[in-house]
Each structure stands twice: as structure tokens, then as C-alpha cells.
Amino acid sequence: MGRAAAHKAGGAEGTESAVTTSAATTAATPRKRQRAAPPPAPPGAELLAKADRIRRQLAALYPSPGIPLEHTNHFQLLVAVMLSAQTTDKKVNEVTPTLFKLAPDAAAMAAQEVSVIQAIIQPIGLAPTKAKNLRAAAALLVERHGGQVPSTFEELEALPGVGHKTASVVMAQAFGLPAFPVDTHIHRLAQRWGLTADGAGGAGGVEATERDLKALFLPEEWHDLHLQIIYFGREHCPAQRHDPTGCPICSWAAVPPYDR
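Per numbering that gives the first Met the number 0, the very first residue in the sequence shown carries number 0; after that it's consecutive.
Rather than coming from a laboratory, the hints here were simulated on the basis of the structure. Accuracy of the hints is not assured; some may be wrong.
[Unchecked claim] Calculated cross-link-like contacts (lysine to any residue; reagent style SDA-like; alpha-carbon spacing at most 25 Å):
#, residue 1, residue 2
1, 164, 93
2, 89, 127
3, 100, 67
[Stated by the list, open to error] DEER-style ranges, computed between Cβ atoms:
#, residue 1, residue 2, range
4, 110, 217, 39 to 45 Å
5, 245, 69, 41 to 47 Å
6, 255, 110, 51 to 57 Å
None of these values were measured; they are calculated from a predicted model. Backbone N, C-alpha and C fix where the C-beta goes; we use that ideal spot for every residue, glycine too.
Make the full structure from the sequences, and use the hints.
This is the structure:
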């Protein structure tokens, strides 16, 4: 099977009577059903070919991409991803050794005071909120899952501080399940390369980009691509002051207004 095939609601008495009649008429009139938004059209052959060329180029640059967040178990991966919001992986890796020495698993994290957790993670920003979420999520893991990290989106996203992107990273990296985590960096490159219909100024956001990327690539490719795009963005494709003519992918793949 080819890649294109694989992807596919008078007086007072007169007034009262009129109101009653109007209400009855309204009640008897069925509400018009809102039409559901049509599903997006499947990607065409030209776009699939472009996506595959990008995939092959990324695979050549990063044949065995590893997750840059340091961890030794699924719980520590979850914690590191939760901490990575609005900061760099480098900063997360600077605080997690101390944090994981104190609390290597969910039971140990749940036993800590929020103030203790906050003091350790203070350098990464948003520490008060992240500390509360870490302790609450750990307590819920102990209470509902025996201290283990669950392997479903529903259960992961029920944890405090865990959104769809964080859950997607855990699903892909911890359990090897098909997921395509899309953060602002992947969203930016997908726009720049014309891989998402949610182009410049689009309202769909990362959710629309995730949908579009999943339609372009096979499920078994999502795991590596998530990491490869992140690494490529850091090394070759910055958000600001980027010269597309000198970029290995943007030089041929960038679309307006990102091609200048």
C-alpha cells in the first residue's frame, strides 16, 4: 500500500393569550440542528510527497532521536514533562536531579510539602503552580493507580497539571503508543513548511496542527518525528531572525510569509 492510500437546534387577557400562543408555537417548532463542521479533506499527493521528503531529511539528520529530558522511570518522565512547560529542557535537567533524589517516585513526591518542591524547582519559573500540581498529581497516582503512571489519555489528562500535549509525550515516550505531541515549536515549523492548514494567523492552534500532521505521516513515524522536528528547530530553524535560504528544509519547503 502506498503512503497516499495509507493516509486517509386588546387587553390583559388578549396579551396573555398571545403570549401563551406564541410560547406554544415556539415549543412546537423543532429546533434546527447545527451542522457539524465537515472533516478536513485528506492531503493531496503533492503535500504527501513534500511531507515524506521532510521526514526523510529529518531521519538522515537525527536517525535515533532521544528525549532530551533526563529520567529513569515513567513517573520521572511525567514530572519532567510537566516541568518543561514554558521553559527549556536544559533548565529542567538542572533541577530534576535534586528533585528526583528527594522524590524518585509518586509515593515519595506525594509525601513532600509543596514548599519543599517549590524551593527545588524555583529556577524554572511558574514554580508555585507546578509544585502544587506535582504533589497533587503524585497523590492521585498513589490513590488511583498504585503509584504507577497510567497509559491512557483519559487517565493521564485527569491528573492535575497534565494536558493533552504532556499526556501525548508520556504515551509516546514511556509506552511507545501512537501519539504526536505538538508544542508551540512543532506548530511553528509545521506552519513554516506548509504542513498544516492552520497557517499564519490561523485559529486552530496546536490541535489543528496535530490533526494535520497525523494525516500526513504514518503512526509508526510519529514518535521519532516529534523529537526530530524539535531538534531541527533548535539547531537550524529559530523563531526569530531566521534566514530560510540557509536552512536545509526551509530553503525549499517554506511557504509565504515564512519563505523570506
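Going through the hints against the structure:
1. 164 with 93: Holds. Residue 164 to residue 93 sits at ~22 Å (cutoff 25 Å).
2. 89 with 127: With Cα atoms ~20 Å apart, residue 89 and residue 127 stay inside 25 Å; holds.
3. 100 with 67: 19 Å, holds
4. 110 with 217: 39 to 45 Å: With Cβ atoms ~43 Å apart, the hint holds.
5. 245 with 69: 41 to 47 Å: At 32 Å between Cβs, range violated.
6. 255 with 110: 51 to 57 Å: 55 Å, holds
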